[in-house]
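These protein sequences, in sequence, are chains A and B. Going by our numbering, the residue at position 740 of the first sequence is 740; the numbering climbs one at a time, nothing skipped. Going by our numbering, the residue at position 46 of the second sequence is 46; the numbering climbs one at a time, nothing skipped.
In short, the hints are calculated from the structure, not lab data. Wrong hints could be hidden among the right ones.
In silico BS3-like links for lysine-lysine, alpha-carbon gap of 30 Å or less [said to hold, decoys possible]:
1) LYS760/A / LYS342/A
2) LYS425/A / LYS13/A
3) LYS342/A / LYS176/A
4) LYS387/A / LYS302/A
5) LYS13/A / LYS149/B
6) LYS396/A / LYS302/A
7) LYS60/A / LYS183/A
8) LYS156/B / LYS13/A
9) LYS149/B / LYS425/A
10) LYS779/A / LYS387/A
11) LYS760/A / LYS396/A
12) LYS269/A / LYS50/A
13) LYS557/A / LYS587/A
14) LYS387/A / LYS760/A
15) LYS708/A / LYS156/B
16) LYS607/A / LYS592/A
17) LYS302/A / LYS342/A
18) LYS210/A / LYS557/A
19) LYS157/B / LYS6/A
20) LYS102/A / LYS58/A
21) LYS88/B / LYS489/A
22) LYS587/A / LYS6/A
23) LYS401/A / LYS387/A
24) LYS6/A / LYS88/B
25) LYS58/A / LYS401/A
26) LYS183/A / LYS760/A
27) LYS60/A / LYS269/A
28) LYS156/B / LYS342/A
29) LYS708/A / LYS149/B
30) LYS269/A / LYS342/A
31) LYS303/A / LYS444/A
32) LYS607/A / LYS564/A
33) LYS149/B / LYS6/A
34) LYS157/B / LYS489/A
35) LYS88/B / LYS269/A
36) LYS760/A / LYS770/A
Residues of chain B placed beyond 10 Å of chain A at every Cβ, according to the derived structure [what the hints assert, rightly or not]:
37) ARG7
38) ARG33
39) GLN60
40) VAL62
Think of the CB as a built atom: it goes at the ideal place given N, C-alpha and C, for glycine as much as any other residue.
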Amino acid sequence: MPITPKMVGARIKRREDPRLITGQATYTDDLQLPGMLYMSVLRSIYAHAKLNSIDVSKAKQLLGVVTVLTAPDIAGQTDAVPTAAEVPGMKRPHHPLLAEGKVRYVGEPVAVIVASSRQVARDALDLIDVDYDPLDAVVDPERAIETGAPLLHEEFGDNIVFRVEVPNPAVDQALKEADVVVKLRIVQQRLIPMAMEPRVTVAQWDRAMKHLTVWSATQAPHLLRSQLAEVLRVPEHHLRVIAPEVGGGFGAKLNIYREEILAPYLAMKLGKPIKWTQTRREDFAATIHGRGQVQYIEAAAKKDGIVTAIKARLLFDLGAYLQFFTPMIPGFTGLLMNGAYKIPALSFEQIAVFTNKMATDAYRGAGRPEAAFIAERVMDAVAAELKLDPAAVRRKNFIPKEAFPYTNPAGLVYDSGDYETALNKALQMVDYAALRQEQVELRKQGRYLGIGLSSYIEICGLGPSVLLPPKLKAGGWESCTVRVDPSGKVTILTGISPHGQGQETSFAQMVADDLGVDIDDVVVLHGDTAVVQYGVGTFGSRGMALGGTSLKMSLDKVKEKARKIASHLMEAPPESLDFGGGQVFLKSDPTKAIAFQQIVEAAYGFKAGVPNIEPGLEATSFYEPSNCLFPFGTHVAVVEVDTETGEIQFRRYVAVDDCGNIINPMLVEGQVHGGIAQGIAQALYEEVVYDENGQLLSGSLMDYAVPKAAMMPWMELDGTVTPTPVNPLGVKGVGEAGTIGSTPAVVNAVLDALAPLGVKHLDMPLRPEKVWRAIQEAKGGK
Amino acid sequence: MEDYVNRSITLTVNGQRCTNEVEPRLLLVHYLRDVLSLTGTHVGCETSLCGACTVILNGQAVKSCTVLAVQADGGEVLTVEGLEQDGKLHPLQEGFWEEHGLQCGYCTPGMIMASYQLLQRNPNPTDEQIRHGLEGNLCRCTGYQHIVKAVQYAAKKGLGIGG
Chain A
1 MPITPKMVGA RIKRREDPRL ITGQATYTDD LQLPGMLYMS VLRSIYAHAK LNSIDVSKAK
61 QLLGVVTVLT APDIAGQTDA VPTAAEVPGM KRPHHPLLAE GKVRYVGEPV AVIVASSRQV
121 ARDALDLIDV DYDPLDAVVD PERAIETGAP LLHEEFGDNI VFRVEVPNPA VDQALKEADV
181 VVKLRIVQQR LIPMAMEPRV TVAQWDRAMK HLTVWSATQA PHLLRSQLAE VLRVPEHHLR
241 VIAPEVGGGF GAKLNIYREE ILAPYLAMKL GKPIKWTQTR REDFAATIHG RGQVQYIEAA
301 AKKDGIVTAI KARLLFDLGA YLQFFTPMIP GFTGLLMNGA YKIPALSFEQ IAVFTNKMAT
361 DAYRGAGRPE AAFIAERVMD AVAAELKLDP AAVRRKNFIP KEAFPYTNPA GLVYDSGDYE
421 TALNKALQMV DYAALRQEQV ELRKQGRYLG IGLSSYIEIC GLGPSVLLPP KLKAGGWESC
481 TVRVDPSGKV TILTGISPHG QGQETSFAQM VADDLGVDID DVVVLHGDTA VVQYGVGTFG
541 SRGMALGGTS LKMSLDKVKE KARKIASHLM EAPPESLDFG GGQVFLKSDP TKAIAFQQIV
601 EAAYGFKAGV PNIEPGLEAT SFYEPSNCLF PFGTHVAVVE VDTETGEIQF RRYVAVDDCG
661 NIINPMLVEG QVHGGIAQGI AQALYEEVVY DENGQLLSGS LMDYAVPKAA MMPWMELDGT
721 VTPTPVNPLG VKGVGEAGTI GSTPAVVNAV LDALAPLGVK HLDMPLRPEK VWRAIQEAKG
781 GK
Chain B
1 MEDYVNRSIT LTVNGQRCTN EVEPRLLLVH YLRDVLSLTG THVGCETSLC GACTVILNGQ
61 AVKSCTVLAV QADGGEVLTV EGLEQDGKLH PLQEGFWEEH GLQCGYCTPG MIMASYQLLQ
121 RNPNPTDEQI RHGLEGNLCR CTGYQHIVKA VQYAAKKGLG IGG
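Using the sequences provided together with the hints, build the complete structure.
This is the structure in structure tokens:
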């Protein structure tokens, strides 16, 4: 039996790359359909205003303009923009495709144009006259809940979307009995997901067959299909959604946007293909924002450093309207704020508010960075208060590795973990003791070195279907078909929708090992609802864990059938046979083997017939997970702060992450690198800024500091492997872990550096001016 | 609103001579993508910051979103589609593949073309020089570390691009 190298666990080059590095891939804006027309959107320039009238007459007269529509023109012809998420008692504002009566955020669509070219569609925008009566806007979520604040949706009487209180008398008791109480006010600033590809939708209506095809830069083609079918009132079996190559998503493309509904609506109405391509400025104003919380935290601790309770008052800045998952995203925060620690008592109050801004929704981490940040800042703040070492405090509080599965105070069951080993590894990598010594020496020289820890956990791999909103057509499962064709090549149809995560490669690795076929004989297809069985999509770090498990299930079914056929051909019991090197062989004597191809031919040709078996060799599986997954790790940021300028330099950045078993370590590295970049960006560089009138000041890349190459440290990665018992692969997820772990590590590092100067708190992003001012204020206070 | 008078332009793109009638305001990136159907070059912003549209014009890396097609009249353009020669990948393309220098791929053509010029000017850059040399190109997926390694891979291979 020939020995083939094991693919799983190896750094296999990506199958995706040849088309991407040669510019041959097709992204949605690359599509050119015969007769295609171009859509553009006129957007509100006010954050809050009455919409009195819209005069489109001049725009309609421009040569090349086909149609210009406003809300009255489309009234009643589609449903409104849907929100799947449900929080008990929440308000559901009407979310129109085009503004009706009022505009509520800068960038809100007011009119839509269809024209013969991109350029004419753009020109026509300038010819529309809108009569607005500006109203006072409210952008501060703390102001939005005050009486007398401008009301976004008058029918509700206030700006509160929902209020959820989960009190716990044990928390109040712990706070009374505490040796120290640490109080923090944390601002989780809004972030722009900023995928490199802006949003694009192309739609085509086949009038004869009454069949609609929609290409969209989406992370979830099947979900989009189901929602569009409902909203556009097109039977689902006549709707095909295709996610072509998608240039990044990070959660922002897991949604149903007004423009994604308008483009197909116009295609149906006009009988012509329609393309809508977002500009980057439109992306900043009218694609969902991430994060958006103000948090008041109280943590009780004993003088030995054990944290006994956390109480939180959490304000969620949701924006003017609700997008698909908007109200449920921040809900993760309260549930997970004990982090990796066995804090026995949690209580929280959550208040979600409307503000005159774009909606927030899922963005890399989606509620869990906000939780990890609380846990990690509490640990450091408690350590600082008690003058204990932050690593020692973490050790004291860790959930021990014998305690898994561990049920946290919110009822979440952590699958597996070994937090102390990851911490130890990270500390060893930076030589922690020596660093602390060096820190002391440098302080004597007036230099400020900071060491920041983050022993994060997170919850990913959503998940058990009961956790998904009832209005969502799909649950949290995932699907996969393994199809062997008569020539012995294998096609995988996966319900996930990767856009950079690399499953065309990692799934092929799994198939190659399992079936013993050549990795080049495997192709992985995704993203087309006419090709792939119903699936859920790529988000929440679920691709390998859930998609990969559904693949494993189908591989097992195919192997079972193949064994039966081989058993018939080789006259040996099925359990005695195994796969490898393109063959099926007898385990006890590998020289007795037949080619896999022979089995395939028997399955499809069926000339000799195989008893008790149908012809063909393929299988489809749907994997319903029994739990979510809990990756974890420790990041250590080592920085030096220049007190004269407030600038922060990275000395080292170390990340030890545990995502369970690893299929392709190269892909895992890439995910951790990219995740850390976005986490560091939140800590140091990025923030969405609206002025008090609701004008988006950070409206383009000129004012929003997405990190450039020179702004990133060199990342030293290592890992531990603590498989999950939840799925047969033992795989957790890793897409968001880097983001979740890194933000608190960096902030803790800077505060650690500045502690001797009396700086106790800084709001993100830690821009040089802000750091400098904090130093001056602390000095002045002395 | 006046009608635009089209201009006739002739460019050599990836070694092929192209003549077209274009509006004076047509951006080079839209000429490449919409007129020539060379969709490898991408648009990622409209403020000339993201670099996804980077191509080589008359030997210089330019952001094609900030060049008018008529400005390029008579010139030579090299895009990512023109790097492969006789089925052989350019060392930069190889490097990005070997070192996992891309995930979603959207920034990649621009990143490769910017790296092309970087290595022309500095065939043996340090990591820091690569990071600064690529400050005109954003990537949201990779955190840049594997991109730096990809460029180092190509540098070590020696480019043999002949200027």
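Now the hints, each set against the structure:
For the proposed pair LYS760/A and LYS342/A, the alpha carbon gap of about 25 Å is at most 30 Å, so the pair holds. In summary, the hint linking LYS425/A to LYS13/A is supported, as the alpha carbons are separated by about 28 Å, within the 30 Å threshold. With a CA separation close to 19 Å, the supplied pair LYS342/A and LYS176/A stays within the 30 Å bound. The hinted pair formed by LYS387/A and LYS302/A meets the criterion: a straight-line CA distance of about 13 Å does not exceed 30 Å.
Our distance criterion of 30 Å between C-alpha atoms is met by LYS13/A and LYS149/B, whose separation comes to about 14 Å. Between LYS396/A and LYS302/A, the direct Cα distance comes to roughly 11 Å. Compliance with the 30 Å bound is thereby established for this hinted pair. A C-alpha spacing of about 59 Å is found between LYS60/A and LYS183/A, which places the hinted pair above 30 Å, so the restraint is violated. At most 30 Å may separate the alpha-carbon atoms for a hinted pair to count; LYS156/B and LYS13/A meet this at roughly 19 Å.
For the proposed pair LYS149/B and LYS425/A, the alpha carbon gap of about 25 Å is at most 30 Å, so the pair holds. In summary, the hint linking LYS779/A to LYS387/A is supported, as the alpha carbons are separated by about 21 Å, within the 30 Å threshold. The straight-line distance between the Cα atoms of LYS760/A and LYS396/A is roughly 23 Å, inside the 30 Å bound, and the hint therefore holds. Using a Cα cut-off of 30 Å, the hinted pair LYS269/A and LYS50/A holds, with the two alpha carbons roughly 29 Å apart.
The straight-line distance between the Cα atoms of LYS557/A and LYS587/A is roughly 19 Å, inside the 30 Å bound, and the hint therefore holds. Taking the CA atoms of LYS387/A and LYS760/A, the gap is near 13 Å; set against the 30 Å cutoff, the hint holds. A C-alpha spacing of about 24 Å is found between LYS708/A and LYS156/B, which places the hinted pair at or below 30 Å, so the restraint holds. Between LYS607/A and LYS592/A, the direct Cα distance comes to roughly 23 Å. Compliance with the 30 Å bound is thereby established for this hinted pair.
For the hint pairing LYS302/A with LYS342/A, the CA-to-CA distance comes to about 14 Å; that is within 30 Å, so the pair holds. Only pairs whose Cα atoms come within 30 Å are accepted, and LYS210/A paired with LYS557/A is rejected, the gap being roughly 37 Å. Between LYS157/B and LYS6/A the alpha-carbon distance is near 29 Å, which keeps this suggested pair within the 30 Å criterion. Taken as a hint, the LYS102/A and LYS58/A pair is honoured in the structure, with Cα atoms around 23 Å apart against an allowance of 30 Å.
The hinted pair formed by LYS88/B and LYS489/A meets the criterion: a straight-line CA distance of about 26 Å does not exceed 30 Å. For the hint pairing LYS587/A with LYS6/A, the CA-to-CA distance comes to about 18 Å; that is within 30 Å, so the pair holds. Taking the CA atoms of LYS401/A and LYS387/A, the gap is near 27 Å; set against the 30 Å cutoff, the hint holds. A threshold of 30 Å between alpha carbons decides the hint, and for LYS6/A with LYS88/B the separation of about 28 Å falls inside it, so the pair holds.
The straight-line distance between the Cα atoms of LYS58/A and LYS401/A is roughly 70 Å, outside the 30 Å bound, and the hint therefore fails. Note on LYS183/A and LYS760/A: the hinted pairing holds, with a Cα-Cα distance of about 11 Å set against a maximum of 30 Å. Under the criterion of a C-alpha separation no larger than 30 Å, the hint pairing LYS60/A with LYS269/A is consistent with the structure, at around 17 Å. Distance restraint check for LYS156/B and LYS342/A: the Cα-Cα separation of roughly 51 Å exceeds the 30 Å cut-off, and the hinted pair is therefore not satisfied.
Distance hint between LYS708/A and LYS149/B is fulfilled; the C-alpha atoms sit about 16 Å from each other, no more than 30 Å. For the given pair, LYS269/A sits about 58 Å from LYS342/A by alpha-carbon distance, which is inconsistent with the 30 Å threshold. At most 30 Å may separate the alpha-carbon atoms for a hinted pair to count; LYS303/A and LYS444/A meet this at roughly 29 Å. As the CA atoms of LYS607/A and LYS564/A are separated by approximately 16 Å, the hinted pair is consistent with the 30 Å bound.
Simply put, LYS149/B and LYS6/A have alpha-carbon atoms about 26 Å apart, close enough for the 30 Å limit, and the pair holds. With a C-alpha separation of about 35 Å, the suggested pair LYS157/B and LYS489/A falls outside the 30 Å cut-off, and the hint is violated. As the CA atoms of LYS88/B and LYS269/A are separated by approximately 47 Å, the hinted pair breaks the 30 Å bound. The hinted pair formed by LYS760/A and LYS770/A meets the criterion: a straight-line CA distance of about 13 Å does not exceed 30 Å.
Look at ARG7/B: its CB is around 15 Å from the nearest CB on chain A, clear of 10 Å, so calling it non-interface holds up. Not every C-beta of chain A lies more than 10 Å from that of ARG33/B, the closest at about 7 Å, which undercuts listing it as non-interface. Interface exclusion of GLN60/B from chain A stands, the closest Cβ pair being 19 Å apart, more than 10 Å. Non-interface status of VAL62/B relative to chain A is upheld: no Cβ of that chain comes within 10 Å, the nearest being about 17 Å off.
Checked against the numbered hints given earlier, the structure breaks hints 7, 18, 25, 28, 30, 34, 35 and 38 and satisfies all the rest.
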